[in-house]
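> Sequence:
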Amino acid sequence: MENAQKMTAKIAKEASISGSSKTPNPHRKRRMDFRSMLRNREMQAAILSGVLMLGGWAVGYASTTVSIILYILSYAAGGWLKAKEGVETLIKERELDVNLLMVAAAMGAASIGYWNEGAMLIFIFALSGALESYTMERSKKDISSLMALKPELALRVDDGKMTLVSIDELKIKDLILVKPGELIPADGVIQKGFSAVNQASITGESVPVDKVQGDEVFAGTLNGEGVLYIEVTQTSDATVFAKIIRLVEEAENEVPQSERFMKRFEAIYALIVVAVTLVIIFASPFVLGWSFGTSFYKAMVFLVVASPCALVASIMPALLSAISNRARHGILFKGGAHMENMALTSVVAFDKTGTLTAGEPVVTDLIAADGYDRQELLATIASIEQLSEHPLAKAIVGKAEDENLELFPAESVISVTGWGMEGTVGARKWRIGKTDVLDQMEESEDTAYWKEQRSRLGGEGKTVSLILEGERVTGLIGLQDVIRPQAAAAVQKLQAIGVKVAMLTGDRSETAQVIGRQIGVDYIYSDLLPEEKVQYVKQLRDEHGHVVMVGDGVNDAPALATATVGMGMGMSGSGTALEVADVVLMNDNIEEIAGTIKLARRARRIIKQNMTFAVTVILLLMTSNFLTGIALPFGVVGHEGSTILVILNALRLLR
Numbered sequence: 000m001e002n003a004q005k006m007t008a009k010i011a012k013e014a015s016i017s018g019s020s021k022t023p024n025p026h027r028k029r030r031m032d033f034r035s036m037l038r039n040r041e042m043q044a045a046i047l048s049g050v051l052m053l054g055g056w057a058v059g060y061a062s063t064t065v066s067i068i069l070y071i072l073s074y075a076a077g078g079w080l081k082a083k084e085g086v087e088t089l090i091k092e093r094e095l096d097v098n099l100l101m102v103a104a105a106m107g108a109a110s111i112g113y114w115n116e117g118a119m120l121i122f123i124f125a126l127s128g129a130l131e132s133y134t135m136e137r138s139k140k141d142i143s144s145l146m147a148l149k150p151e152l153a154l155r156v157d158d159g160k161m162t163l164v165s166i167d168e169l170k171i172k173d174l175i176l177v178k179p180g181e182l183i184p185a186d187g188v189i190q191k192g193f194s195a196v197n198q199a200s201i202t203g204e205s206v207p208v209d210k211v212q213g214d215e216v217f218a219g220t221l222n223g224e225g226v227l228y229i230e231v232t233q234t235s236d237a238t239v240f241a242k243i244i245r246l247v248e249e250a251e252n253e254v255p256q257s258e259r260f261m262k263r264f265e266a267i268y269a270l271i272v273v274a275v276t277l278v279i280i281f282a283s284p285f286v287l288g289w290s291f292g293t294s295f296y297k298a299m300v301f302l303v304v305a306s307p308c309a310l311v312a313s314i315m316p317a318l319l320s321a322i323s324n325r326a327r328h329g330i331l332f333k334g335g336a337h338m339e340n341m342a343l344t345s346v347v348a349f350d351k352t353g354t355l356t357a358g359e360p361v362v363t364d365l366i367a368a369d370g371y372d373r374q375e376l377l378a379t380i381a382s383i384e385q386l387s388e389h390p391l392a393k394a395i396v397g398k399a400e401d402e403n404l405e406l407f408p409a410e411s412v413i414s415v416t417g418w419g420m421e422g423t424v425g426a427r428k429w430r431i432g433k434t435d436v437l438d439q440m441e442e443s444e445d446t447a448y449w450k451e452q453r454s455r456l457g458g459e460g461k462t463v464s465l466i467l468e469g470e471r472v473t474g475l476i477g478l479q480d481v482i483r484p485q486a487a488a489a490v491q492k493l494q495a496i497g498v499k500v501a502m503l504t505g506d507r508s509e510t511a512q513v514i515g516r517q518i519g520v521d522y523i524y525s526d527l528l529p530e531e532k533v534q535y536v537k538q539l540r541d542e543h544g545h546v547v548m549v550g551d552g553v554n555d556a557p558a559l560a561t562a563t564v565g566m567g568m569g570m571s572g573s574g575t576a577l578e579v580a581d582v583v584l585m586n587d588n589i590e591e592i593a594g595t596i597k598l599a600r601r602a603r604r605i606i607k608q609n610m611t612f613a614v615t616v617i618l619l620l621m622t623s624n625f626l627t628g629i630a631l632p633f634g635v636v637g638h639e640g641s642t643i644l645v646i647l648n649a650l651r652l653l654r
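According to numbering that gives the first Met the number 0, the sequence shown is numbered sequentially starting from 0.
There's no promise every hint is true.
[Said to hold, decoys possible] Taking lysine to any residue and the SDA-like style, the derived pairs with C-alpha atoms no more than 25 Å apart in a straight line are:
no.	residue 1	residue 2
1	K398	G329
2	K597	G329
3	K191	D157
[Unchecked claim] Simulated restraints on C-beta separations:
no.	residue 1	residue 2	range
4	L644	K91	34 to 40 Å
5	R40	I643	25 to 31 Å
6	D401	D438	29 to 35 Å
7	R93	A488	52 to 58 Å
8	Q491	L626	52 to 58 Å
9	Q212	R40	24 to 30 Å
10	E215	P484	32 to 38 Å
11	H545	P284	20 to 26 Å
12	D158	E181	21 to 27 Å
Source of the hints: derived by calculation from the structure; they are not laboratory data. For each residue, glycine too, the CB sits at the ideal point set by N, CA and C.
From just these sequences and the hints, can you work out the full model?
Written out as structure tokens, the structure is:
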């Protein structure tokens with residue numbers, strides 16, 4: 000079955016590459032999943048095998064010949080792909096696997112006249128294999144969206160001439176021009192121009208950062224409204240963005256230890272069963288004095304009862320039931336292995352922006368100076384900010400709209416380089432921007448007051464803007480990326496089941512500390528670049544064990560790929576995060592994570608119960624076959640009965 004784990008698939012096709020995502024239609028998704036499942040070759044073969052098996056059983060009383068023909072067709076339909084897989088493994092890797100063993104068991108049953116029992120073995124094995132393959136097709140991570148985000152061309156400026164070149168042709172100290180709204184193609188330093196640059200793909204910062212001459216910028220980040228002339232400081236293969244891609248690729252290439260162990264176990268198990276079967280056939284007539292017919296019959300019974308149908312059914316039905324259960328709660332697992340790993344979780348690490356917080360700034364405070372009406376002041380600055388595309392400006396305008404304020408005509412509105420906005424409203428000049436102006440003012444009681452308020456708001460993790468009428472301070476406005484309503488409850492539920500909670504963010508330490516304390520996380524790591532997030536995920540894994548990483552942005556991709564289980568935000572997450580993640584929260588409800596871990600732990604317990612029961616039944620049947628002898632129909636009933644029981648036990652997870 001491990002071959003199914005090697006197959007690749009893509010997820011979240013409706014997520015836009017730019018980092019925003021469309022809200023998927025769940026009904027359309029279910030229809031597409033069902034249709035794609037029916038188009039799966041293994042599923043079609045399994046269904047056809049089952050239909051032919053039932054047909055052979057139905058006409059058996061009327062025509063033995065027709066019945067046998069239908070059984071043969073059932074064998075071919077359900078066993079062809081498995082036999083082909085087994086033969087390829089035998090030839091290429093020189094190993095026997097369970098696929099070949101099951102086909103041999105069914106053929107052995109047919110060889111002594113038990114066609115229906117053999118066909119049932121083939122059908123059940125083919126069906127379970129098809130379901131596993133369909134589920135596991137989604138387990139391999141894909142970075143196609145990340146690669147699509149990578150800039151391919153740059154506008155190089157040389158002696159006043161502009162030439163469009165591949166980013167691979169850029170050299171250190173080349174001068175490039177980046178137009179408004181374009182991706183920055185290389186790491187560099189701004190030589191001329193200013194703009195607000197959205198660095199969420201690299202640093203995870205919740206709002207674009209104002210960049211002026213001398214500031215550093217990164218490849219893969221999005222330029223805002225200004226024209227930038229940038230001197231290249233890194234070649235295309237050495238940029239931060241290129242490092243992100245390599246980190247994801249490296250994490251994907253790591254083969255889990257459990258997968259390697261299961262592959263070795265399967266090969267050894269199959270060899271032992273085949274060897275014992277051959278010994279029974281050829282050695283028992285000489286050692287035990289059995290006739291060749293008796294030896295062959297007992298060998299076929301052994302091959303049937305030793306076939307690992309119940310063992311196979313011990314795992315996948317339980318995992319599939321748990322996956323189906325979570326799907327009803329808006330949590331999509333890309334494979335059963337991730338459900339298994341989820342049960343081992345000891346730490347959940349959250350990215351902050353867009354995961355624990357909403358990812359969009361909102362106005363939280365507006366302090367008006369004496370003599371100024373708060374609502375009139377808000378309407379005034381919103382009248383100027385409505386002409387800006389900066390996220391902070393949009394938050395201010397949104398606040399005015401929420402309070403149903405009528406905006407005023409604004410004139411002579413301009414963007415002040417690296418500072419903010421200014422304009423004229425009602426024949427009075429207004430300015431809104433950074434609070435560093437306070438540090439240039441003459442010390443007074445008023446100045447001290449505004450500095451104190453700035454410190455207070457900044458200490459609460461808020462971005463603070465200053466409002467001026469002429470040269471007079473008229474107010475301060477505080478903005479903050481608000482905490483998701485369910486964030487604190489999600490953390491408390493995780494801690495209640497013994498899971499530690501960490502927060503990883505590219506935001507500054509003050510903001511991270513405030514948010515972390517309010518939510519109640521156990522560990523706070525701030526000012527992190529993508530590779531540093533990976534380092535802390537590895538550190539948490541080394542110190543505590545298995546780590547679940549929850550993120551939404553391109554900058555989270557390496558950490559998602561490095562964690563034991565990567566979990567992406569389905570509604571607000573970038574396309575890259577969704578493709579790299581092992582699990583997708585389609586409704587962004589992080590409060591469901593604790594319940595998912597509890598269900599995964601329950602699934603793990605049921606799998607242990609099933610495996611113990613399946614092994615016990617196999618050992619009892621094999622022992623009975625040698626000591627007292629059992630009829631082949633009884634062996635098949637015992638074998639298939641144990642399979643049905645473990646499946647029914649697994650289906651309890653659907654509740």
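> Hints first: check each against the structure and report whether it holds.
Hints and how they fare:
Between K398 and G329, the direct Cα distance comes to roughly 31 Å. Violation of the 25 Å bound is thereby established for this hinted pair. Straight-line distance between C-alpha atoms of K597 and G329 comes to about 16 Å, which keeps the hinted pair within the 25 Å bound. At most 25 Å may separate the alpha-carbon atoms for a hinted pair to count; K191 and D157 meet this at roughly 15 Å. Between L644 and K91, the C-beta spacing of about 36 Å keeps the proposed range 34 to 40 Å intact.
Between R40 and I643 the beta carbons are some 26 Å apart, a value that agrees with the proposed interval 25 to 31 Å. With their beta carbons about 32 Å apart, D401 and D438 fall inside the hinted range of 29 to 35 Å. Here the CB-CB span from R93 to A488 is close to 54 Å, well matched to the stated 52 to 58 Å. The beta-carbon spacing between Q491 and L626, approximately 57 Å, falls within the hinted interval of 52 to 58 Å.
As the Cβ distance of Q212 to R40 is approximately 60 Å, the hint placing it in 24 to 30 Å is violated. With their beta carbons about 36 Å apart, E215 and P484 fall inside the hinted range of 32 to 38 Å. As the Cβ distance of H545 to P284 is approximately 52 Å, the hint placing it in 20 to 26 Å is violated. Between D158 and E181 the CB atoms are about 22 Å apart, so this pair conforms to the stated range of 21 to 27 Å.
Checked against the numbered hints above, the structure breaks hints 1, 9 and 11 and satisfies the rest.
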